[in-house]
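Chain residues, written in single-letter form:
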Amino acid sequence: MNEATSLVLRRMRTPFTLIILVYSIAILGLTLIPGIDDKGNTWYMSIYHAFYFVSYTATTIGFGEIPYPLSDAQRLWVIIIIYITVISWFYALGTVISLIQNKKFQAAIEASAFQRDIKNIYRPYYVVCGFGETGKAVINALLEEHFSAVVIERKTDLSEQGLNDTLEHVPSLTADASDPASLEVAGVHLDKCHGVIAVTSKDETNLKIAISSKLLHPDVMVICRSEYKEHEENMLSFGSDHIVNPYESFSKIFSMVLHSPSMYLIFEWLTGAPDKPLSPPINIRKGHWILSGYGRFGKQLHKELLKQNIQTVIIDPSDETKKSFHKNNHTNEKFIIGIGTDAATLTQAGIDTAAGIIAGTDNDSNNLSIIMTARQLNKDIFVVGRQNQMTNKILYEKINEHYLTSNKKNKNELVPIAHLVMQPSEVIARKIRAILIAPLLIDFIQLAQHKTPEWANITISRLSAVIDNNNPYVWTETINKETTPAIAQALGYGRRIELKHITQNPVTHNKKFECITLLLKRGDDFILLPEDKTELKAFDQILFCGLRQFKHAMLPTLTDITILNFVMTSTNEPQSYIWKKLTHALQKQDRRAVSRSIR
Amino acid sequence: MNLEKVIFSFFMILALTLNFGFFYGEIDDPIHHNVYELFAVIVVNLIATLMKFGDKSHMGAMLLATSLVAMVQLIAGSIVWIFAVHIHQTGLTPSTVSTIVALSGGAMLANIISVILLMIEASMFRR
Numbered sequence: 023m024n025e026a027t028s029l030v031l032r033r034m035r036t037p038f039t040l041i042i043l044v045y046s047i048a049i050l051g052l053t054l055i056p057g058i059d060d061k062g063n064t065w066y067m068s069i070y071h072a073f074y075f076v077s078y079t080a081t082t083i084g085f086g087e088i089p090y091p092l093s094d095a096q097r098l099w100v101i102i103i104i105y106i107t108v109i110s111w112f113y114a115l116g117t118v119i120s121l122i123q124n125k126k127f128q129a130a131i132e133a134s135a136f137q138r139d140i141k142n143i144y145r146p147y148y149v150v151c152g153f154g155e156t157g158k159a160v161i162n163a164l165l166e167e168h169f170s171a172v173v174i175e176r177k178t179d180l181s182e183q184g185l186n187d188t189l190e191h192v193p194s195l196t197a198d199a200s201d202p203a204s205l206e207v208a209g210v211h212l213d214k215c216h217g218v219i220a221v222t223s224k225d226e227t228n229l230k231i232a233i234s235s236k237l238l239h240p241d242v243m244v245i246c247r248s249e250y251k252e253h254e255e256n257m258l259s260f261g262s263d264h265i266v267n268p269y270e271s272f273s274k275i276f277s278m279v280l281h282s283p284s285m286y287l288i289f290e291w292l293t294g295a296p297d298k299p300l301s302p303p304i305n306i307r308k309g310h311w312i313l314s315g316y317g318r319f320g321k322q323l324h325k326e327l328l329k330q331n332i333q334t335v336i337i338d339p340s341d342e343t344k345k346s347f348h349k350n351n352h353t354n355e356k357f358i359i360g361i362g363t364d365a366a367t368l369t370q371a372g373i374d375t376a377a378g379i380i381a382g383t384d385n386d387s388n389n390l391s392i393i394m395t396a397r398q399l400n401k402d403i404f405v406v407g408r409q410n411q412m413t414n415k416i417l418y419e420k421i422n423e424h425y426l427t428s429n430k431k432n433k434n435e436l437v438p439i440a441h442l443v444m445q446p447s448e449v450i451a452r453k454i455r456a457i458l459i460a461p462l463l464i465d466f467i468q469l470a471q472h473k474t475p476e477w478a479n480i481t482i483s484r485l486s487a488v489i490d491n492n493n494p495y496v497w498t499e500t501i502n503k504e505t506t507p508a509i510a511q512a513l514g515y516g517r518r519i520e521l522k523h524i525t526q527n528p529v530t531h532n533k534k535f536e537c538i539t540l541l542l543k544r545g546d547d548f549i550l551l552p553e554d555k556t557e558l559k560a561f562d563q564i565l566f567c568g569l570r571q572f573k574h575a576m577l578p579t580l581t582d583i584t585i586l587n588f589v590m591t592s593t594n595e596p597q598s599y600i601w602k603k604l605t606h607a608l609q610k611q612d613r614r615a616v617s618r619s620i621r
Numbered sequence: 042m043n044l045e046k047v048i049f050s051f052f053m054i055l056a057l058t059l060n061f062g063f064f065y066g067e068i069d070d071p072i073h074h075n076v077y078e079l080f081a082v083i084v085v086n087l088i089a090t091l092m093k094f095g096d097k098s099h100m101g102a103m104l105l106a107t108s109l110v111a112m113v114q115l116i117a118g119s120i121v122w123i124f125a126v127h128i129h130q131t132g133l134t135p136s137t138v139s140t141i142v143a144l145s146g147g148a149m150l151a152n153i154i155s156v157i158l159l160m161i162e163a164s165m166f167r168r
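Residue numbers (the working numbering), protein chains in the order written: chain A, 23 to 621; chain B, 42 to 168.
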């Protein structure tokens, strides 16, 4: 018996008992009071008739006085029973209605529907805790990759927040995800639950979700959002598989931008959501940087600037920050006390010659003001903005539009006002997408970061040649019996299969698929951008990038041995038994003829 | 003392005793089996069944099952009575009376099991 039904039964016990008692009294009275039948004889109603009479009277149907008109004594009793039975029915109905409106009852109904949904999922699914911007992006990524997702969110009315816009039905539970019971309801302990993604806005909650999930199901993959180092260490000690820190991820992105804009572009293109437009190439001039706001965010970015040996001018309103800055940093960098929203401070920081500015205070209106002022003073400056409140996302988008239009008037090239905006939800969603869809992508990015800017430039031009103006799709193929039976079979025969065989179009001759092989993973070794001649081995993992359609176009070569043969030898091999024998015999004759002619 | 338990046990035991009262006597003699007693047995059994709803424990499930068995038998008996007296109007012949009483005997057995379970539960209860 589930929660909802037992709640109904328990609540309805009293009203139903009352109805039974009232009915039995009414029936008893009717059978005991004498009436007069059509022939004038004294007549007693039987229990059967009395039950019939009470049933239609109590429910206010009122068929009348059946089978004979009632005597006055009977009528007196009927008056009484009408009132008591009708009132007890209303009482029962009132209880039912108040039960339906009861919050607890509605929660019980929702929970039982959720449990039924969980039971009906037959493929791997992920539990997403927290349905904010990040949660939404993660769910869309999961659904695109044909995983199922379920949501646990504390706030009600999820459907209004756009859960109904998703590709398919996503079961949702309104509950506190840090409560282990709600994780259990979501089936975290089940085998088909592959992962738990904790992206609520609170670190403590995410930590608790990670701990409970790992205790409920040690094999489950846990991805956590975290903003503070202390929590991160705690999460790691409980075996969280991936911890996504928006500040750290963003500082990595920032270092990419400083190191090589092309590298950043590769990252942007490969990890972006498929429905977002591709970001345009960026350009950074040489010169010093201005960093406004020396808090947690500012310090991270300052470290990256130091790594690249870039001179930085720091603006912060706090005196103490200045003292501690000079204590910890032995560089002779300038530290200006102020907010940076006014032209005077920015001019003092040398805005005219600066290459870039970081609006990194923890106040969105200050940041926007800094950006606007800086833009007016120096048109070509590279702007990094920090968005603190989720609700201010629209402002950063608006300011972009505004600047774009004003730029068009000036016939300047199109430059967005903030070239790089730190949006925690966006940063996290990107990282989690990569983890879920193509774990090799993270390895690729890490390896690529050590390459020179020139390498990045070549790669980006190859990439843009392949994808044109479309969004690139990244996918992974693993060489094994399940996913690539044809390759596995051919490798079993000891044949040499090269990368070019599988990237070749099996339909048209000598035509390659327009895709790039980004990475090949063999054991613990990685081959970055493997060449066409690279030999494939069993259990290799290959990361491709191209248009989504090529993933499907590649499938026949991987799964059908005859197509693989055709690709490798450019001849159609016989498939039926007789034809095989025939061709075999013919080939023998041919060979003899050839050898004879040689002789 | 728990008032809920008192009411609960009261109705269950009353269901059994009334059932016994109706069952006791010559099996085919209508004089020994009053129709009002059958009515009372049905009403008390209905209430006893209702009391058992919503208990999620295993014992609760067993108790509910015994009550449902008793209800099925008693309602079958009352339908036999309705057929005999009202629909076919043959009156209470010895054969129909014995059918009704036999059915109520089955219901009594279910009620006995129910009371035994109640006693077991009570004996397991320590505080």
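Hints in this document: simulated from the structure, not taken from any laboratory. The model shown is predicted, which means the values in this text are computed figures rather than measured ones. Among the hints, erroneous ones may be present.
Here are the simulated lysine-lysine pairs, DSS-like style, with alpha carbons at most 30 angstroms apart [to be verified]:
(1) Lys214(A) with Lys46(B)
(2) Lys97(B) with Lys126(A)
(3) Lys602(A) with Lys46(B)
Label-pair distances were calculated between CB atoms; the ranges are [unchecked claim]:
(4) Glu25(A) with Glu162(B): 20 to 30 angstroms
(5) Pro146(A) with Ala143(B): 52 to 62 angstroms
(6) Tyr144(A) with Glu78(B): 53 to 63 angstroms
(7) Ala163(B) with Glu167(A): 54 to 64 angstroms
(8) Glu162(B) with Ile58(A): 26 to 36 angstroms
Below, a sample of chain A positions facing chain B; criterion: calculated Cβ distance under 8 angstroms [what the hints assert, rightly or not]:
(9) Leu31
(10) Arg32
(11) Phe38
(12) Val44
(13) Lys61
(14) Asn63
(15) Thr64
(16) Ile69
(17) Tyr70
(18) Asn527
(19) Thr530
For each residue, glycine too, the CB sits at the ideal point set by N, CA and C.
Hints, one by one, checked against the model:
For the given pair, Lys214(A) sits about 44 angstroms from Lys46(B) by alpha-carbon distance, which is inconsistent with the 30 angstroms threshold. Proximity of Lys97(B) to Lys126(A) is assessed by CA-CA distance (about 18 angstroms); at most 30 angstroms being required, the pair is judged to hold. With a C-alpha separation of about 84 angstroms, the suggested pair Lys602(A) and Lys46(B) falls outside the 30 angstroms cut-off, and the hint is violated. At about 23 angstroms, the CB distance of Glu25(A) to Glu162(B) agrees with the hint of 20 to 30 angstroms.
For the pair Pro146(A) and Ala143(B), the beta carbons lie near 58 angstroms from each other, so the given range of 52 to 62 angstroms is met. Taking the beta carbon of each, Tyr144(A) and Glu78(B) are about 56 angstroms apart, inside 53 to 63 angstroms as hinted. Restraint check, Ala163(B) to Glu167(A): a C-beta distance of roughly 58 angstroms satisfies the suggested window 54 to 64 angstroms. About 52 angstroms separates the C-beta atoms of Glu162(B) and Ile58(A), a value inconsistent with the hinted range of 26 to 36 angstroms.
The restraint placing Leu31(A) at the interface with chain B holds, with a minimum CB-CB distance near 4 angstroms, inside the 8 angstroms limit. Because the beta carbon of Arg32(A) sits about 4 angstroms from the nearest beta carbon in chain B, less than 8 angstroms, this interface hint is met. The beta carbon of Phe38(A) comes within 5 angstroms of a beta carbon in chain B, closer than 8 angstroms, and the hint placing it at the interface holds. For Val44(A), the interface hint is violated, the least distance from its beta-carbon to any beta-carbon of chain B being 11 angstroms, above 8 angstroms.
Hint status for Lys61(A): violated, given a least beta-carbon distance of 17 angstroms to chain B, over 8 angstroms. Here the hint on Asn63(A) is broken, as its CB sits about 17 angstroms from the closest CB of chain B, past 8 angstroms. Interface restraint check: Thr64(A) against chain B, minimum CB-CB distance 18 angstroms, threshold 8 angstroms, status violated. Interface restraint check: Ile69(A) against chain B, minimum CB-CB distance 5 angstroms, threshold 8 angstroms, status holds.
Against a cut-off of 8 angstroms between C-beta atoms, the interface hint on Tyr70(A) holds, since the closest Cβ of chain B lies about 5 angstroms away. Look at Asn527(A): its Cβ only gets to about 63 angstroms from chain B, farther than 8 angstroms, so that hint breaks. Contact between Thr530(A) and chain B, as hinted, is not supported at the beta carbon level, the nearest pair being about 66 angstroms apart and thus beyond 8 angstroms.
When each numbered hint is compared with the structure, violations occur for hints 1, 3, 8, 12, 13, 14, 15, 18 and 19.
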